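Residue numbers (numbering that gives the first Met the number 0), protein chains in the order written: chain S, 0 to 169; chain V, 0 to 124.
Quick caveat, the hints were computed from the structure, so don't treat them as lab data.
Computed from a predicted structure; not experimentally measured.
A portion of the hints provided could be inaccurate.
What the hints assert, rightly or not - With a cut-off of at most 16 Å between alpha-carbon atoms, the simulated EDC-like pairs for lysine to aspartate or glutamate come out as follows:
| hint | chain 1 | residue 1 | chain 2 | residue 2 |
| --- | --- | --- | --- | --- |
| 1 | S | LYS52 | S | ASP92 |
| 2 | S | LYS7 | V | ASP90 |
| 3 | V | LYS73 | V | GLU59 |
| 4 | V | LYS66 | V | GLU34 |
| 5 | S | LYS52 | S | GLU62 |
| 6 | S | LYS7 | S | GLU124 |
| 7 | V | LYS73 | V | GLU35 |
| 8 | S | LYS7 | V | GLU94 |
| 9 | S | LYS7 | V | GLU93 |
What the hints assert, rightly or not - Negatives, chain V to chain S, calculated, CB over 10 Å:
| hint | residue |
| --- | --- |
| 10 | PRO45 |
| 11 | SER47 |
| 12 | ARG102 |
The C-beta atom is built at its ideal place from N, Cα and C for all residues, glycine as well.
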Amino acid sequence: MTVTAVRKDPQRLTLTVEAEFDASVERIWQLWADPRQLERWWGPPTYPATFTKYDLAPGSRVEYHMTGPSGEKYHGHFDVLEVERAHRLLLRDSCANADGTPRPTNTIRVGIAEVVAGRTRMSIEVMFSSTEAMEQALATGTDEGLRQAVSQIDAILTEETSPARRQPGP
Amino acid sequence: MVVSVQIAPPDFDRVFPALADHTRRDILRRAISAEEGVLELARHYPMSFAAVQKHVAVLERAGLVTKQRIGRRKVVRTNLEALLVARRLLDQYEELWRARIDRMNQLIAEPAGAIDTVEATESKR
């Protein structure tokens, strides 16, 4: 499995995903640095991304849009905050709604490092300014609806709780 | 079973800090069955009634519990809706990034010549 670790920190509103690839550091860097490659993975197949302005330099703004199934466009941009070529990237991602109104931002920190020759680890830390920002960021994605089975409650509550605590039945 | 839609929406800025405490998470777990009032809940913890009352108040302000009158008693009830919404947000973002990483993997598996288009070459520094 490519994804080696996922950490969710609801208190800090942070999601960290680590993945390892059988590829060189330079190859993985190109997934971010080359807009033609970036647009092949950034959006899901149903919302493909097109990058219209791309300069990965601190202070610059990258512009893109995602095109929905019925042709609707969601415009977005990255503010490039920090770049250490092939190793580090700090972006503030904002995506507007289809009508052009801005949505809250999230910050993406990317780290790329060699594990052994030909094997590269990429870590992605996504930080949200508020839960509202997260919710809105998700608005264009798949929406299975808010309702979920109550049986999930255990999974929610058992994270980071002491093992001695009594567990309620499902 | 599905959670009722009628419950007031949670206060998102308060949900995560409220969840970040072991005692409060334990109170949430106990209050799922909505059988106990603050007094009964307090008996489970080695702390004062006032301290437990304070924890319940934090949860209540976050929209994670409500106090419900059942006959002459007032019981604390966990708002499952609020909990699920908070958790779902992080879960969905995890899915989003997992899908992106899958697509990255497909991309790097392609022969190099297939990706190095003219446009890509232009954008390289």
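Evaluation of the provided hints:
no.	hint	result
1	LYS52/S with ASP92/S	14 Å, holds
2	LYS7/S with ASP90/V	8 Å, holds
3	LYS73/V with GLU59/V	14 Å, holds
4	LYS66/V with GLU34/V	11 Å, holds
5	LYS52/S with GLU62/S	5 Å, holds
6	LYS7/S with GLU124/S	10 Å, holds
7	LYS73/V with GLU35/V	8 Å, holds
8	LYS7/S with GLU94/V	12 Å, holds
9	LYS7/S with GLU93/V	9 Å, holds
10	PRO45	13 Å, holds
11	SER47	20 Å, holds
12	ARG102	4 Å, violated
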